[in-house]
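A.B. asks: Here's the letter readout for the chains.
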Amino acid sequence: MTWAWANRDQLAHLLVSHLYLALMPVLFGIVVSIPVGIMCVRYRWTWPPILSLTSIFYALPSLALFSVLIDYTGLTDWTVIIPLTLFSLSVLIPSVVDGLRSVPPPVRQAATAMGFGALRQVVQVELPLAIPIIIAGLRVATVSSISLVSVGQLIGIGGLGYLFTDGEQRDFPTEIYTGLILIVILAFLADGLLVLVRRWLTPWERARSARDRRRVFSAAWHGSRPEGAT
Amino acid sequence: MSYFSIAWQWLISAQQWHGPDGIPVRLAQHLAYTGIALGIAVVIALPAGLAMGHLRRGGFVVVTLANFGRALPTLGLLVLIFVLTSGSAAAWLVPLTFLAIPPILVNTYEGVLGVDADLTDAARGMGMTEWQILRKVEMPVATPLILLGLRISAIQVVATATIAAYIGLGGLGRYIFDGLNRSEYNVVAGGAAVIVLLALAIQALFMLLRWLIVPVGLRRQAQAS
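Keeping their order, the protein sequence lines are chains A and B.
Numbering-wise (the numbering used here), the first sequence opens with residue 1 and increments by one.
Numbering-wise (the numbering used here), the second sequence opens with residue 231 and increments by one.
So here's chain A without its partners, still in its complex pose (with noise of 0.2 Å):
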């Protein structure tokens, strides 16, 4: 702790780049991920090879993409960005996708017989639904990308990474708990945050899940009778 504060103002410069650098990859993201994810609902054969393109992304190791860029873009942060952009859409997209889908067809045909365009219906009926699925979409990348961001400093950009590295070269374990707890607490607080918008943009899923853990009680109750009893 005494480390901590008096290092304060270096750690509060780390914790804003690290924000940046975890942020903006979901940022673009979900900037791509939406009309994509509409693309692959509304034209279905786009879906198979998107799903396959997003498995691809989400195997590739970040050390090694990291490498590979720096040919192209250098020591920037962009190098750090661009791949985890890419993790951010193996995530997202397919969550887009199956929160679209999730949305039930009487819905989607009850928006068309009022008169709904198609753009208007994706906007206003289905992407509102599909909201709780999305957001847990965007909570696991978050989360991630928060993480991952600190491999950035085997290439020396990777925010509060640099107390990994600088920790192990100065035998200093002080400095590389500051680091973990920081990076974790920082991933709880964006994910908290998340549950937060979601709350508040889907008033209607409270009274909705009530009713469901209600229900899933009820099942509960009765999946718990007895042996034996008829």
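Just to be clear, a hint being listed does not mean it is correct.
[To be verified] The following residues of chain B were derived to be distant from chain A, with all beta-carbon distances above 12 Å:
hint: 1; residue: I242
hint: 2; residue: I253
hint: 3; residue: I270
hint: 4; residue: P277
hint: 5; residue: M282
hint: 6; residue: G288
hint: 7; residue: L307
hint: 8; residue: F312
hint: 9; residue: A319
hint: 10; residue: Q362
hint: 11; residue: V367
hint: 12; residue: R381
hint: 13; residue: Q386
hint: 14; residue: A391
[Unchecked claim] One side only, chain A facing chain B, incomplete, derived with CB under 8 Å:
hint: 15; residue: T2
hint: 16; residue: A4
hint: 17; residue: I56
hint: 18; residue: F57
hint: 19; residue: Y58
hint: 20; residue: P61
hint: 21; residue: D71
hint: 22; residue: L75
hint: 23; residue: T76
hint: 24; residue: D77
hint: 25; residue: S144
hint: 26; residue: G161
hint: 27; residue: G179
hint: 28; residue: A187
Keep in mind that the hints were calculated from the coordinates and are not lab data.
Virtual Cβ for every residue (Gly too), placed ideally from N, Cα, C.
On the provided structure of chain A, position chain B as indicated by the hints.
C.D. replies: Leaving out everything else, chain B in the frame of chain A:
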């Protein structure tokens, strides 16, 4: 496409395929780190996930562990253990195993928990013991999710084993670190290509495994999800 030609030149030059710094040796080390960490993780997480799923308990523990595992930076854990054990060569084992546990645990738990209650009720009605229900009903039905968990773990561990080279160990990460330190970009490019190919090969292997292992009756369902 300068990257691809540089990587290709490096890959086909004969000297990369021999000696202690050759691709076969580095690949074997890399696979050893991955295999050992994954093996330990399976021994811990698979029985735990099966038990918790069967007993329908511990959901909170599973979710918390999954979130924590995702948030904890592996590089930080690696250097911390390395420094705390004053430079132990086995420092890679803990972070890689810890990385591998949550996906296996979560998916095994979810897989068993998601088995239709009608199926287990029927099995119980037929007089199966709890062990038989787990072994003959819940495990086969949960196979697609269990395999998914193993695949996610394997991919993450293979990708992350790269950073073991940071604390002076072997594996394919050596090429990246040595190349960066000596400013030999072709080594970095070639090493990165081998790692990417390995990760994609593992991804493909699991797709094949799913096709081979998942019971025929479940395949359509598994593909739909």
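A.B. asks: All hints are to be evaluated individually against the structure, with a verdict given for each.
C.D. replies: So, going through the hints one by one against the coordinates:
no. : hint : in the structure
1   : I242 : holds, 18 Å
2   : I253 : holds, 14 Å
3   : I270 : holds, 21 Å
4   : P277 : holds, 24 Å
5   : M282 : holds, 16 Å
6   : G288 : holds, 15 Å
7   : L307 : violated, 7 Å
8   : F312 : violated, 7 Å
9   : A319 : holds, 15 Å
10  : Q362 : holds, 15 Å
11  : V367 : holds, 15 Å
12  : R381 : violated, 9 Å
13  : Q386 : violated, 9 Å
14  : A391 : violated, 9 Å
15  : T2   : violated, 19 Å
16  : A4   : violated, 15 Å
17  : I56  : holds, 7 Å
18  : F57  : violated, 11 Å
19  : Y58  : holds, 7 Å
20  : P61  : holds, 4 Å
21  : D71  : holds, 6 Å
22  : L75  : violated, 11 Å
23  : T76  : violated, 16 Å
24  : D77  : violated, 18 Å
25  : S144 : holds, 6 Å
26  : G161 : holds, 6 Å
27  : G179 : holds, 5 Å
28  : A187 : holds, 4 Å
Of the hints listed earlier, those the structure fails to meet are numbers 7, 8, 12, 13, 14, 15, 16, 18, 22, 23 and 24, in rising order.
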